[in-house]
Amino acid sequence: MDKDNWILLQTICSHYQVESSFFTNLRDLGLIEIEVIEQSLYINENQVHNLERMIRLYHELEVNPEGIDVVFNLLQKIENLQKELITTQNRLRLYEN
Amino acid sequence: MAFIDYYKILEIDKSATEADIKKAYRKLARKYHPDLNPNDKDAERKFKELNEANEVLSNPENRKKYDQYGENWEHGEEYEKARKQQQQYQHSGGQQGGFEGFSGFSGGGDYSDFFESMFGGGQRGSHRNVAFKGQDFKVELHLDLKDVYTTHKRTLTINGKNIRLTIPAGVENGQVIKIAGQGGEGANNGPKGDLYLTFNIANNTNFKLDKHNLYATVDIDLYTAVLGGEITASTFDGKVKLTVKPGTQNGTKVKLKGKGFPVYKKEGEFGDLYISYNIVLPTNLSHKEIELFSELSKLREK
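So the protein sequences, as listed, match chains A and G. In terms of this note's numbering, the first sequence opens at residue 1 and continues consecutively. In terms of this note's numbering, the second sequence opens at residue 1001 and continues consecutively.
These aren't lab readings, by the way, just hints derived from the structure by calculation. Predicted model only: the values in this text are computed from it and were never measured. Treat the hints with caution; some may be incorrect.
[Unchecked claim] Mimicking EDC-like on lysine to aspartate or glutamate, the simulated pairs with C-alpha atoms at most 16 Å apart in a straight line are:
| no. | chain 1 | residue 1 | chain 2 | residue 2 |
| --- | --- | --- | --- | --- |
| 1 | G | K1048 | A | E60 |
| 2 | G | K1031 | A | E60 |
| 3 | G | K1192 | A | E45 |
| 4 | G | K1192 | A | E60 |
| 5 | A | K83 | G | E1172 |
| 6 | G | K1022 | A | E84 |
| 7 | G | K1023 | A | E62 |
| 8 | G | K1022 | A | D4 |
| 9 | G | K1027 | A | E52 |
| 10 | G | K1208 | A | E96 |
| 11 | G | K1192 | A | E62 |
| 12 | G | K1178 | A | E45 |
| 13 | G | K1031 | A | E62 |
| 14 | G | K1138 | G | D1113 |
| 15 | A | K77 | G | D1035 |
| 16 | G | K1027 | A | E45 |
| 17 | G | K1023 | A | E60 |
| 18 | A | K83 | G | E1011 |
| 19 | G | K1211 | A | E79 |
| 20 | G | K1178 | A | E38 |
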């Protein structure tokens, strides 16, 4: 497999000083995907953004992986609602002025 | 430069203990943390204020200084002296790391002028988490509806760097486009951040837009409406000839297929244009006209 867009999990563990069990917990909850490439654990670059949010919630607000799952579900809901709001506001322009 | 009431920010009173401060800070951080409040500038501002309040009040030395000079900080001679001393400390590195306390939240960093003036700008709390992935940039792009009728290229200058982008036709107001890898540099070979472009599209045309369909009103005179005829109407990018049927009622809608707005990322696909007729009645009638209308009216009475 091409390793270009994959990041060694160990690199992230040491950067954030987070134990690797935290990541396997997240994986077990379906929050991230971990790939095994040549017997090492990797995560795809496109997951780093969300992963860093999870790490911040864990470190800074002491939210455990289950709590992070709840937070992410709610954030997804907020995002959908915000999109719906924009669409509705755009439609509203039809009836204004 | 205004005085900042750090106690008020943390919603505690002056007699609060260190434990009270920590508790108040944690509680409010759970409310205003930027990761829990995406796209919320108020929350972001509040979170910064919280961090600042915490950095001052959770450090006994800073809290003492803050309490001592309080609202008169700007005028007090004592304050001036303290400030000079403070600078000396800084030069000697005496207070490095003095703000760490139990902070370490990301999203701090920006301090108010008040804070910088009282505690100096040099001593940033060393934040525990420098992001591995580079910072994401968020940019709002203000365009006119006419600009997004066609796919075009545009050069944006973001943080001193020129980025050439293709803006696809039909991009919608409020839409966000992510451009991967155009954000800040990562740390320790981490990936670059991304650029998020939010489109703010103003409509200064006579057309109203709903998704890909355009709506417009066209005036026609009474005679064309009654007797039928040909008119020329404007489309978004040109003109079109329309045949008005005899006996057309006011408010009649005509659908012009494919004359609407381009569909985002679907080249050659367009919405429809709906034209409503607004029949304009003649005013300031001459005697002759009144006579003729009366005659017409009488014909209908029979």
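Checked hints:
This hinted pair checks out: G:K1048 and A:E60 have alpha carbons roughly 14 Å apart, not beyond 16 Å. Between G:K1031 and A:E60, the direct Cα distance comes to roughly 12 Å. Compliance with the 16 Å bound is thereby established for this hinted pair. Distance restraint check for G:K1192 and A:E45: the Cα-Cα separation of roughly 10 Å lies within the 16 Å cut-off, and the hinted pair is therefore satisfied. Taken as a hint, the G:K1192 and A:E60 pair is broken in the structure, with Cα atoms around 23 Å apart against an allowance of 16 Å.
Annotation: proposed proximity of A:K83 to G:E1172 holds, straight-line Cα distance about 11 Å (limit 16 Å). At most 16 Å may separate the alpha-carbon atoms for a hinted pair to count; G:K1022 and A:E84 exceed this at roughly 38 Å. The hinted pair formed by G:K1023 and A:E62 meets the criterion: a straight-line CA distance of about 13 Å does not exceed 16 Å. Restraint check: the Cα-Cα separation between G:K1022 and A:D4 comes to about 43 Å, which exceeds 16 Å; the hinted pair is violated.
Under the criterion of a C-alpha separation no larger than 16 Å, the hint pairing G:K1027 with A:E52 is inconsistent with the structure, at around 21 Å. Proximity of G:K1208 to A:E96 is assessed by CA-CA distance (about 10 Å); at most 16 Å being required, the pair is judged to hold. Using a Cα cut-off of 16 Å, the hinted pair G:K1192 and A:E62 is violated, with the two alpha carbons roughly 27 Å apart. Between G:K1178 and A:E45 the alpha-carbon distance is near 15 Å, which keeps this suggested pair within the 16 Å criterion.
In summary, the hint linking G:K1031 to A:E62 is supported, as the alpha carbons are separated by about 13 Å, within the 16 Å threshold. Between G:K1138 and G:D1113 the alpha-carbon distance is near 24 Å, which puts this suggested pair outside the 16 Å criterion. This hinted pair checks out: A:K77 and G:D1035 have alpha carbons roughly 14 Å apart, not beyond 16 Å. A distance of roughly 32 Å separates the Cα atoms of G:K1027 and A:E45; the hinted pair therefore is violated under the 16 Å criterion.
Under the criterion of a C-alpha separation no larger than 16 Å, the hint pairing G:K1023 with A:E60 is consistent with the structure, at around 13 Å. For the proposed pair A:K83 and G:E1011, the alpha carbon gap of about 33 Å is over 16 Å, so the pair is violated. Our distance criterion of 16 Å between C-alpha atoms is broken by G:K1211 and A:E79, whose separation comes to about 20 Å. A threshold of 16 Å between alpha carbons decides the hint, and for G:K1178 with A:E38 the separation of about 32 Å lies outside it, so the pair is violated.
In this structure, the hints that do not hold are numbers 4, 6, 8, 9, 11, 14, 16, 18, 19 and 20, in rising order.
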